[in-house]
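Chains as they are written, first to last, in my numbering: chain Y, 1 to 100; chain A, 1 to 329; chain W, 1 to 511; chain X, 1 to 89; chain D, 1 to 99.
FYI, nobody ran anything at the bench for these hints, they're computed from the structure. Beta carbons are placed, not taken as given, at the ideal position from N, Cα and C, and that holds for glycine. One or more hints might be untrue.
[Unchecked claim] Quick partial rundown of chain X residues pointing at chain A, CB under 10 Å, derived from the structure:
id, residue
1, VAL23
2, TRP24
3, LEU47
4, THR58
[To be verified] Listed below are the simulated DSS-like cross-link pairs for lysine-lysine, each with C-alpha atoms no more than 25 Å apart in a straight line:
id, chain 1, residue 1, chain 2, residue 2
5, D, LYS89, A, LYS219
6, D, LYS89, D, LYS40
7, A, LYS138, W, LYS197
8, D, LYS3, D, LYS65
[As the list claims (entries may be wrong)] Away from chain W, derived, C-beta distances all over 10 Å, residues of chain A:
id, residue
9, ILE7
10, GLY243
11, LEU259
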Amino acid sequence: METYQIYSLTSAVLFVIGIGGVFISRHFIKKIIATIIMGGGVFLSFVSFADRDALAFADPVPHALVITGIVVAVASAAFALALARRIYQLTEEESFTNDK
Amino acid sequence: MSVLIDILLAILVIYLALQSLLAPRLSQSVFLFFAFGLALALAWVRLGAVDVAITEAAIASGFLGVLFLDALRDFSPRSSEEQKNISTVQNSRSRNSVKSLLLPRLSLVLGLGLFLLIALEAVWNIPDGGGLAADAEKLLPQSGVEHPVTAVLINFRAYDTWLEIGVILLGLLAVFAVGKIQIYRKPIPVVDDILLRQVILFFTPVLFLFGAFLLYFGKTGPGGAFQAAVLWGAIGILLHLGGRPIFLLIPRWLGQLLLTLGLLFFLILGFLFIAGGATLFEYPPAYAGVLILIVETLAAISIAAALTAMFANLNQMKKEESNKIDSTN
Amino acid sequence: MTDLPISPYPALLVGLPILMATLSLFFRTRGEAIVGIIGSLLTAGLALIAFVEVTKMGTVIHILGGWEPPLGILLRMDPLASVFIGMTAVVGVFISLYAWRYFPAQEATNGRLPLFWPLWLFLWAGLNGLFLSNDLFNLFVTLEVIGISAVALAVLSGKSPALSAGLRYLLAAITGSMAYLFGVALIYGSTGTLDLKLLSQVLEPGTTTSFALLVITLGLMIKMAGFPFHFWLPPAHSSAPAPVSALLSALVVKGAFYILLRLWMEVFGVSLTYAAGQLIGLAGAIAVIWGSWQAFMQTRLKLIVAHSSVAQLGYLLMIFPLIILAPGVTADSADWLSPVWTAGIYQVLAHAFAKASFFLSAGIIIMALGHDRIESLRDLVGHMRITALAIGLAGVSLIGLPPSGGFMAKWMLLKGIFLSGQWWWAPVVLTGSLLSAGYIFMLLRLAFAPSREKAPFRPVPKKLEVYALLLALGSFLIVLPADSLVQFLESSEIFGSGIETILEGGINGND
Amino acid sequence: MDIIFIIVSVFLLLNIALGLIRVWRGPTIADRLLTTQLFGTTGMAILLVLTGYLEQLTLLNVAITFNVLAILLVIGLVQVWKKKKGESS
Amino acid sequence: MIKEVITVILLVVGCFFFLAGTLGLLRFPDLFSRLHALTKADNLGLGFIAAGMAVYIASPWVAVKIFFIWLFTLLASSTSSYLIARFQKEQEQTKNRKE
Chain Y
1 METYQIYSLT SAVLFVIGIG GVFISRHFIK KIIATIIMGG GVFLSFVSFA
51 DRDALAFADP VPHALVITGI VVAVASAAFA LALARRIYQL TEEESFTNDK
Chain A
1 MSVLIDILLA ILVIYLALQS LLAPRLSQSV FLFFAFGLAL ALAWVRLGAV
51 DVAITEAAIA SGFLGVLFLD ALRDFSPRSS EEQKNISTVQ NSRSRNSVKS
101 LLLPRLSLVL GLGLFLLIAL EAVWNIPDGG GLAADAEKLL PQSGVEHPVT
151 AVLINFRAYD TWLEIGVILL GLLAVFAVGK IQIYRKPIPV VDDILLRQVI
201 LFFTPVLFLF GAFLLYFGKT GPGGAFQAAV LWGAIGILLH LGGRPIFLLI
251 PRWLGQLLLT LGLLFFLILG FLFIAGGATL FEYPPAYAGV LILIVETLAA
301 ISIAAALTAM FANLNQMKKE ESNKIDSTN
Chain W
1 MTDLPISPYP ALLVGLPILM ATLSLFFRTR GEAIVGIIGS LLTAGLALIA
51 FVEVTKMGTV IHILGGWEPP LGILLRMDPL ASVFIGMTAV VGVFISLYAW
101 RYFPAQEATN GRLPLFWPLW LFLWAGLNGL FLSNDLFNLF VTLEVIGISA
151 VALAVLSGKS PALSAGLRYL LAAITGSMAY LFGVALIYGS TGTLDLKLLS
201 QVLEPGTTTS FALLVITLGL MIKMAGFPFH FWLPPAHSSA PAPVSALLSA
251 LVVKGAFYIL LRLWMEVFGV SLTYAAGQLI GLAGAIAVIW GSWQAFMQTR
301 LKLIVAHSSV AQLGYLLMIF PLIILAPGVT ADSADWLSPV WTAGIYQVLA
351 HAFAKASFFL SAGIIIMALG HDRIESLRDL VGHMRITALA IGLAGVSLIG
401 LPPSGGFMAK WMLLKGIFLS GQWWWAPVVL TGSLLSAGYI FMLLRLAFAP
451 SREKAPFRPV PKKLEVYALL LALGSFLIVL PADSLVQFLE SSEIFGSGIE
501 TILEGGINGN D
Chain X
1 MDIIFIIVSV FLLLNIALGL IRVWRGPTIA DRLLTTQLFG TTGMAILLVL
51 TGYLEQLTLL NVAITFNVLA ILLVIGLVQV WKKKKGESS
Chain D
1 MIKEVITVIL LVVGCFFFLA GTLGLLRFPD LFSRLHALTK ADNLGLGFIA
51 AGMAVYIASP WVAVKIFFIW LFTLLASSTS SYLIARFQKE QEQTKNRKE
């Protein structure tokens, strides 16, 4: 088993954990964390695919894509956090009232 | 043999991800999430993605970590007694709803399990080769930088990067939209603790220099605008926490300029190239190196300013002001 | 690919709105609005110039940074993209003009919403970028631009229902784009390229490709509120300010649909199966019935319109099963495909115009009444003739009565359904139309009913009503150039030569 | 030599895993923050070891970033939560 | 050869201190003693590992860099342990006052 394979399998697991977490978790913060975990899985798969060639350097394109992706994901997570806090301040709700 | 590290790290990452979602208390979740970020950064290192590791450690763990800590302050119950009440209420509620939720939950979990199996199968079948490494290697000398990741980011796929800088500004605007634009106006008390003040004062230049080093080093090795930006953003956050909110201390127009500088310069440069008969972001080869450095520096400044403003705005989001509409833009 | 004519317009179409959005940040409220409206007009003008250029020169491209794919990114403006960009421009300019009047008039009750203009221009840039993009990862970035700006616009009012709906929307959007990105990762892993054109040549069928198609489709379904994932749409669209609701349902959801259309028709031909098509069609069919029924049950105007969006998007999903024939069935390609995608395009256009007009009218009514409970619509005709006319026209287009664009869409859809031999979709289309006729006529009946007490209608700027009416008329006018539009689109690669490969790929599994 | 590096890395990883127990037990938020300290320091140690193992000196930059992050989190926690107290009083 | 032996010894000693720090974190009864165990032992362990790696890589420039990394860590963790302790003390004080 190659190194990259371990991580690409991990990435699939993370993705599924994240997608499950988004739907199952109730609290806003946990939902947001779940989206970031999902993103972590996706980025891990990108980078693990970059590592499989035994060339002079690893494929730089996925690395660049992942950096872009991480920053984008963080921007949207910050926005989601702002929304969640605002909702809590206005209504004292920590989760969506009707489930899902 | 080295597979052992990878397997252990993989298990750790998965365990942390699961636990941060399953932990009963919010603070446990958040701290397990920090640990998740750090473990993931180690995974990037194992995969040879040093740039990604720095970015992950700095922004996904550091910046988001501070944001989450700040959010935790809102969400954590005010006293232990209240907390007990809430938890008992939740318990009883969950006990009542356990039966009604069992079937959909079970089917959801089963569905996810099936999904996971297909996903694993799909990932396992990825061919062990292919990618753009060879292309990037071939064109690297024409890009104006020596580090392939920076070349891809700022030159080959500059369009994505430019849009991404736009996304950060957009994220800030979105945070403003939620908070009804209250760029904080109230002065924050300066920290009374001498040691803390000194540490902040000491770390400001260190962070600045290290950021500048990473920025410049990005030309030849792992590092670059985003990593530098987060470190510089950390300066802003530290100063804000230490009672020196930057956006209060500088004039309004300067703040706006700092926030938009990277995006605007990048774009106007692109338009100039178009006017000169080339395409958007097509650097003249002779000046590519210099232009990329300028673009990166300005982008780093803008992103740092945006991160600082995001944190400051979230940190200042207060209950009392929530019903008031601040119309001063 | 790279021998096509090169033009600067694609780059300008993305760059200009962002430039104006950034510049508008330097001004205070009034100045920001002025820069914003100038930016909208300029962008719309540019889009029309680019549209004319494409009609003259055919597909134009812009190689960003001079780096050709697979390493670089290429913007491509083909007939399909230019139709979507043109639609965005026309609808966008009317909504901008409406917002220019609407927000100052609303200031007294709602306070200022100063970030509307920069966010809307960012959204516009994101939409243009999405329509032009030819790169899987770049599509993700534009999706995020659209997602964040759309949610930010939806929560502008700052009220707690809007915020709650917005968070739900945002989480759905992030989940959708991450699922999409996972598919992109798998595609990149198995082929080593992100360029759509190259992918269509190198993609091979297999479990990885099928799974990638599955997650990409799921992600985009979440984004366009396809049936099991429609839960975020009604609250988000109905709680936003009127111009924003119009933008969200007329334009934003179309972005995800556009990617889905492109990927299914252009890239994933090799791994499409009959079952996949039927499944997505089923989701669409349920959405049509469920959305129309829910709309029928609502008592608030904006909720009716929002639920009707779910139904109308269901029609869009129903064109996917039609492009894949059942195993063993053969058909003459041009005869059966042409009505299918004409239906798709016309559904997009008609829905964009009609729904924008509907939401703008709803905004006018809220402005006049202070709320949008439908029982107070009594005697609307007597007080606000123009708005009543706009609602009536938009409603006719949504139901699909001749001679509206909606009729064209549904007629072509039925034609495609029968030509492809998948007759079981036909009752869905008819039931959906009947149900939507139900809620539209319910509204109109109220509008014509005499009021019992003295009506509390407040005066509303006339121009607002005119803009809404013009948009509603637009959903009829699009039928006039139907022939030339179809011809124009047929010159595009996606509908022209692409058809045969889909046929073979769809039936035999691989080529 | 490589095997030593691997053993040391694995040992340190297990060390981190052990420290996770504290996140569970708590009881205060400061206790939980201590574990991030632990992760920071141990993570840096792992990075240093990997620097030797992979012979990639740039990993040192990652180590510095870890360090910076740890202090940011601590100052963040202290200041943010102090303000909370100030508000309530 | 000698270089490698020294490296191994330093690494093993470093690991020992890390283990000690973690055990302290787990076993000690209150926050302050845990803080004490963790901060001191871990930084010492890090110092040993840093020294080991500096010996192994055997380049003066890298050694200086590693030394600075260690120095910053010392600074950061001593400050943060102080801050955490003070934070905890203030929290306990306010709690007592309330009671």
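Beyond 10 Å from chain W, beta-carbon-wise, is LEU259 of chain A? At roughly 7 Å from the nearest Cβ of chain W, LEU259 of chain A sits no farther out than 10 Å, so the non-interface label is violated.
Nearest-CB test (10 Å) between chain W and ILE7 of chain A: holds, 21 Å
Does LYS219 of chain A lie within 25 Å of LYS89 of chain D when you go C-alpha to C-alpha? violated, 47 Å
Is the hint on VAL23 of chain X kept, meaning its closest Cβ partner in chain A is under 10 Å away? With Cβ-Cβ at 5 Å, under 10 Å, it holds.
Minimum beta-carbon distance criterion (10 Å), THR58 of chain X to chain A: holds, 5 Å
Per the stated criterion, does the least C-beta distance between GLY243 of chain A and chain W lie above 10 Å, as a non-interface residue requires? holds, 27 Å
Holds or violated: LYS3 of chain D and LYS65 of chain D, Cα atoms, limit 25 Å. holds, 19 Å
Taking the closest Cβ pair, is LEU47 of chain X under 10 Å from chain A? Holds, because the Cβ-Cβ distance from LEU47 of chain X to chain A comes to roughly 7 Å (cut-off 10 Å).
Would you check the hint for LYS89 of chain D and LYS40 of chain D, treating anything up to 25 Å between C-alpha atoms as holding? holds, 20 Å
Is the hinted pair LYS138 of chain A and LYS197 of chain W satisfied, with a Cα-Cα distance of at most 25 Å? holds, 22 Å
Do the numbers back the hint for TRP24 of chain X, that is, is its least Cβ distance to chain A under 10 Å? holds, 7 Å
Hint violations for this structure: numbers 5, 11, all remaining hints satisfied.
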